[in-house]
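A.B. asks: Protein sequences appear in the order of chains H and A. If you use this note's numbering, the first sequence corresponds to residues 1018 to 1313, in order. If you use this note's numbering, the second sequence corresponds to residues 274 to 871, in order.
Think of the hints as simulated: they come from the structure by calculation, not from any bench. Hints may be right or wrong, so weigh each one.
[Stated by the list, open to error] Calculated lysine to any residue pairs in the SDA-like style (CA-CA distance at most 25 Å, straight line):
hint : chain 1 : residue 1 : chain 2 : residue 2
1    : A       : Lys725    : H       : Glu1107
2    : A       : Lys610    : A       : Asp751
3    : A       : Lys460    : A       : Leu502
4    : A       : Lys842    : H       : Glu1107
5    : A       : Lys725    : H       : Asp1050
6    : H       : Lys1300   : H       : Ala1310
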Amino acid sequence: MWSLLLPMSKIVACLYVVITVLCCKVQASSLEDIIEAKEIVIAVYRDYAPFSAQVDGVAVGIDIDIARHIAKTLQVELRLKWITAGETTEDDLRNSIWKGHFLDKTKADVMMRVPYDKVYSQKRDDVGLLVHELVHMFAPYHTETWKIVFNKQKIEEVSTMAVFQYHPVGVEVDSIPQFYLISAFRGSMSKNTHQFPTIVAAVGGMQAGEVDAVMGLRSQITALHHTLNQVQYQLAENAFPLIGKQKWDIGLAVHNDYRALAYELGDIITAMIKDQTMADIFKTHHSTYEQPAYYM
Amino acid sequence: MLKNGKVKALSLSVLVSLAFANTAHAQVTDEDISQDHLSTDQVVTSGMGLKGQRYSTLETINTSTVEDIRPVWSFSLGGEKQRGQESQPMIKNGVMFVTGSYSRVFAIDARTGDELWQYDARLPDGIMPCCDVINRGVALYGDLVIFGTLDAKLVALNKDTGKVVWKKTVEDYKAGYSISAAPIIVKGNVITGIAGGEFGVVGKVRAYNATNGDLVWERPTVEGHMGYLVKDGKKLENGISGGAPGKTWPADLWKTGGAAPWLGGTYDVDTDLLFFGTGNPSPWNSHLRPGDNYFSSSRLAINPDTGEIVWHFQTTPNDGWDYDGVNEVISFDYDDKGKTIKAAATADRNGFFYVLNRENGDFIRGFPFVDKITWAKGLDVNGKPIYDEAHRPGNPMASADGNKGSSVMTAPSFLGGKNWQPMAYSQDTGLFYVPSNEWEMEIWNEPVAYKKGAAYLGAGFTIQSLNEEYIGVLRAIDPKTGETVWRYNNYAPLWGGVLATAGNLVFTGNPEGYLLAFNAKTGEQLYKFNTGSGIVGSPVTWEMDGEQYISVLSGWGGAVPLWGGEVAKRIKDLNQGGSVWTFKLPKKYAEVSSIAKN
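So here's chain A without its partners, still in its complex pose (with noise of 0.2 Å):
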């Protein structure tokens, strides 16, 4: 029964393709970002489709089909600035956006890999993005092709020549503000947030006209700073995070409170709710915050309109382990006893899976999704760690007197149970496909530091893997049971996005350099292809003159080679690169399989 819908809405799509191959719509509406989840011949949201649920109903290249599939073409980034390539391909109208590292834009011909233009954004030299050079991707509406750079800025360029049509400062580099995730559009706003370091910035999510980025609305993620609605051109007062300042924080540190939204958000119609995870306080000394620190390490229900917080879930209070709460929320309905329960789901840098009650925040579930995890002992009936003091790394002030301090083993490390790499969720299996990582950290104050010419009290620390064999491990996980249904272990860690698709199968790409495709029921590893450098962009599916396309950037970087020790040594011989792969079968399938349809 199921099937045939599918069929037949896939035979519907593959004739309108065809009709409208050389006339389709060129402008991005808000009817394409809305029903991307179901569109099968274009891709207009990172997460293909506002939920960011990353499937795909194809199923041309499928269990039996996948081994054949191969290159039909390769684009270079070029340049020297060969850098970790995170982006998240869009494709409209037989035209592919993709971003580079380093601020940069390309369209490229999705049929024959030409590229149409470029666009470098010229960045200044005071820029200090935390964690390599890196970009996840554009937002695509109207005409226009809209993508935040390292200087904090959003720029939106016309996609047909690559012009900037409109571009604004979302905050000031120099102050250590930067932005990497790619926006979202909703109802014809364009909604960031900010990444930042250490130096005391206050995380926002803004929302911007999306067609000459004239401010919407401004909110803080910090408990006590002023929310902002803008009408007919005025910048109102939309009252303050968390209702007051100091609530959950000790003296004025919510002034400087961190909490940077620095992984964007995902959209879910149903409750017309956004979806914002935020980062660690600041400062990094969990010891001279006592208190839960609204809104660090959280997550955020937005109301996109007025950019109010309807509901918050925070993950690690008073974080003392850089565990950032930034990874995306995945809106999904289950079925319980007959009932629909409208949940969300979302994988931790803590290394617990969460199932939360998507209209209200309500705590549903929680389990570990790691092999490993030490800071806390499990999770009480809300949801609330429960901390293993032994586990939290110890007060500096503590070593004034020199003295290197007690050095303290956590595990997962602060890149991780999950780092920003986008998990899965496949409407098929019901499952999740999460990237994860099996690694600890050891922590010990560091007196011997210095900052700007001054003494200070730093942090030493070290990631270690857990196992010789593997760091990274995908695990196809039930969020019904908590059970892990299948695991793929990987020598290095992962970093890059999942997809799954109505083929039974699962893609995904590791920083050996294989794009790698696996039975979403069972994990069985079905194809792999080297790219040539590190795989650490999330892979996207498409269907384009009846045919079934995949794409993935591949170029190694991002976070993870900046540290150093052991993981370091794993992974030392990688090289870097940046270029796009695109696959599909030969073209006898699609014949085939139009066929079979028909």
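Chain H with its partners taken away, still in its complex shape (with noise of 0.2 Å):
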């Protein structure tokens, strides 16, 4: 960040000011650094709403929330790493906590909304190598799956997904929904299925009457439901044959070196989950909480 705000110039003094700066924020901190510095960098998706996003340079969200209670219980200042989702987790996960992101190298010292799923954390790559050797997953706190909203004025009830072969439907490109909703009973909602480049702009094509329904994350659809007409718009409770992963869990994430940090960050999670808050904060954003497996 620093290197793009200061002006290019070829003074060797003024290069070395930018090494240094560099430095200090090129590696991720361990929880003694963190403490003693008075500050944690946390990982958060940009225009991501309910998760985090900035209105009128504000940042809000579940996310954001979860990690001011992270940074005000270590007694530490908070500061925002906003990352631009990548065509994977993995992605994410090497700009964001091991490798650093490829324009000015710098790394968060925690990152949000990581799966939390052994077989993904194992992962094995084409040499058989750990995918995530420089990552340690920990701390689910909610469990995630897919709902759709619907115009009440257009369908009467989706009780089942065979409504779709009838009614279109919204859902962000390039998603589990599309996937589904193209492919899944030979096809048969296939022409009925529409894309969004967002969540946000498929639930707007539904007030804008192009679609009936919108397909998407539960806490997603479940918070911008809050935002509609709820006579109007409602939320189905139909199930979703022939999805493999119906449910998952969303964590944290922190570089390998750092188990200490994980320790103490997952007891913070413990504690926001047993005592309410998490779930709290999602009543807040007027979306749907559940708690993991791992906690009951």
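Bring the two chains, given one by one in their own frames, into a single complex with the hints.
C.D. replies: Now the structure itself:
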């Protein structure tokens, strides 16, 4: 970041300054370093309501509130590192946790919204090495799934997916809902599937009458549903047959070198879940909360 | 006869360049650009001529003298930002303009290697370029140096000061767009494509007034999207690409169809057509989009004045292998039983070399230019691939139960029989010099994948070399017969451009760092020099003060180091860099050659 703010200069002294400033942010920090520096850097996704977004320059969202709670409990300042999502989570972990951003090489101490999935964290690459060797994934903080919101004036009820053989439905491009609606049941819902760049845009499309329903992440769909007319737009309770992964957990990630930090953060998240702080945060953002099985 | 004419033209150009050494026209004109393939004293187009033949009539450096060329200067692009340097140098009036990684531009004294100015684009931290932070060079027009940035802007700089004259946002980088190709200039318009990942972008080619950056036209490269033409400051609808949406796409997938023309284009004055290639369709899973998916993985001929698509030729319909069809289309003429054929050639990522009629896009012939192709059994009479469905990657929904699913082995790999690296065409030998790679890929469904905290169905892949001894192969290919006249095998994959000259030479660079020169007729290697880092740029040649120069950028990077497996093992010890190397013969050769000519 600093290197971009400084004008390019050929003065050696100036380069020195850039390097020295960078040196302290290039590495993620241990718990001791974080406490000593009184600052923790937490990576969150850019433009991703209701999890993390900026409204008039102010950070808001579920992940932001959790990050603030973590910083407060550790008695350190919170600094957010906004990440642009890559094609998959692997890219985001690389850019945020172990290799650093390709422009300025900066890393975060912690990344939010990382899957907590044993099969994923133990995944091996084509030559048999651990893909996430340098990343430790832990502290699941909620359970995610899929959900449909629909326009009651257009569809009486969404009891099964079969209604989408007859009604247009919006999805986010390059997502499981898109793959599912286009290909499941021999493609019988394909012609009614409409792609949007984001779930927010898809819900906008539903309000504009382009589609009669939207399928997306439950926490996103429920939060967006709160902003709509609750009589006209309703949440469906249907199942999603043929989808392999019906539910999954979301947690945190740190660099594998910083297990002590992970233990501390794990304790903070556990306490948040036990004392209902976590459920309250989701409630504040009108998003459905489900506690991960890990704590039961 | 021909030889005589060439010598005369050459000595005239020597005289002209001497006479105007200090007073040469500093401005790049439309005439300069359209005649660049004939001029020897400057390089003002990417491709050394709008056709992109990368051929020079210079012959002082030739098969008998090339062993004596030596570096005269080297210029460091500096900083910690040493990544892939895929730029082609441009030379005008004794000044060289190159771009560097991270959207930087440098003006260099072509005689001494001294820096005149440097421009660094201020890049936002939200950019997500797919394949390294590279740039492939500038366009020159008037007193402007124009280039595209990783955050999808066109920037025009003053050639003397490096100060911004105009800047235009071509697309929103936040939506996944960027620019890495060198723009081209045709009839006063700067024409650019855009690059973008799998974020549901829609490819577009756009023309801007080169002088002030005003939009002239835009042409989406996906069927169903409206094109525009600007008249009197108003953006007017100018026809839907392909006529109507949804003809070759299911559902409304055309809305997010991809097909980014990320490698820029060439232009042919005879037919007055622009030629742009387009990238793979979106989403990546081909089972979701049965149909040809126009105009993904295609070559498009575009009217340079209006942006209308005149013809199209699709190399990989319903692409399921990530075989972008972006590779350059090079116009050339050949004689067929006394008849001149106005042809165009292109070597595709999919491993086939195509010869097309450039007036109407008709398929003349096609043949493999790599040793192994498995995804198709061949081409039919219209040039359409005859698929081998056993080699199409599976439908990830089929493995939604959480199992990995069957894996498929396919050649070539998605990095292509040939990737971005431009080939050259020699007017003397009638051969194309194609920098190709021999590798295959294994692809499997990856049900355990995530994206932005959401479960996802991805694809896992690995790239493997077909041979222990080499991946890269520089081939001399006869476009009339499909015959490979000679080949040079290289241990690492080839990723740099090629240059052919009338000195019966072919130049290219390799990741091992060498600038290499070959006998154009026989393939005999005549020269090599290690530039200290891998070469992934394109060499050029020009004449200055009566001497022939060769220049190339050195700096390893690009897409290859990003992919793992066996290929990564082969290149892991290659060091990064960032420099321009310039070569010539000792001065006495210039004297000898000018005496010989007189």
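A.B. asks: Which hints from the list above does the structure break, by number from lowest to highest?
C.D. replies: Those not satisfied come down to hint 5.
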